[in-house]
Amino acid sequence: MSQDMIEQRPDKPEEDVAKETTEPRYVFTPPIDIFETDEGLVLRADLPGVTAETVELQVQDNKLTLFGHVAPYVPEGVKVLHQEYGVGDFLRSFILSDEVDHERISAKFNHGVLEVVLPRAPKPEPRRIQINSQ
Amino acid sequence: MPVFRWGHSWDAFRDLEREVDRLLQSVNLTFQGFRFGRQFPSLNLFELEEEYLLTAELPGIRVEDLELTIAGGVLTLKGKSHDTSAIPEERYRRQERVRGVWQRAITLPERVQEEKLSAELNLGILKIHLPKAEAVIPRQIQVADGDSSSVQAERGASPVATSNNQPTIRHSTTKSIPIE
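Here the protein sequences come in this chain order: A and B. For the first sequence, this note's numbering assigns the number 1 to the initial residue and increments by one for each residue that follows. For the second sequence, this note's numbering assigns the number 1 to the initial residue and increments by one for each residue that follows.
It is possible that some hints are incorrect.
List of simulated lysine-lysine pairs, DSS-like, C-alpha gap at most 27 Å [to be verified]:
no.	chain 1	residue 1	chain 2	residue 2
1	B	132	A	79
2	B	127	A	79
3	A	108	A	63
4	A	79	B	116
In short, the hints are calculated from the structure, not lab data.
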């Protein structure tokens, strides 16, 4: 496993994360793909039910956080006959390495899939250090 | 001073509860083949007043890559997830999303008007509307006045009866459902 992006696991159980909102909501960890390109890394996350307006992507220090809010799409109070997946918001965060150029991170959203492009930071040129003799 | 500290021990129960939930869910026989492991796509089924609503999470799947067919009371969802062939395997650091071709067949609940099924795909969420047959929708029964000493159940116009007479014809053909 590469050290470029280390996933941050929440310390608390996932349900606790959403406590601050007015009503209890579930928060799920979305499945992701990460692959390397010549320019850097590309991250794709499955966020069904999330739109470009309800997704939040944040880089703070070296932590990349993605949060997707899902608006309920089933009428409230209907009878559930069978349930295989839960509906809630999506949250996942990663630690970025210095290799990623934080300033140039870009993202787009398409059919419920978020694609984040993480360009590699240009390698600093070797710098010669002048040694002064006294 | 408490001898036992319950603080975190409930977490274990929560896990157990979740596990039991999961096991119980997988026993459901309404959905064919959902006894072992998780099938893709996961489905939720709701009951509304006049229809059943089936929802599935299909992020990244376009309408042209999705095929819904219905034949003999079995609804088949078939599709292709994102094409990964453009990216060589060794370039992946992590791969969790579903890929490739998938298929899932569901036996429809009884008393659904198969010919009136409709589906929409929006923001990666598929919704299939299954209108209930009229016989299932609750309907008012007129009670006759006691004087006539007979109770009459009023049956509306009975398109239900006629449609029930010809399921064999309908079932023999496979029908594609247009997705909006």
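Results of checking the hints against the structure:
For the hint pairing residue 132/B with residue 79/A, the CA-to-CA distance comes to about 14 Å; that is within 27 Å, so the pair holds. Restraint check for residue 127/B and residue 79/A: satisfied, since their Cα atoms lie roughly 16 Å apart, inside the 27 Å limit. Between residue 108/A and residue 63/A, the direct Cα distance comes to roughly 19 Å. Compliance with the 27 Å bound is thereby established for this hinted pair. For a cut-off of 27 Å, the pair hint linking residue 79/A to residue 116/B stands: about 21 Å separates their Cα positions.
The structure is consistent with each of the numbered hints, conforming to all of them.
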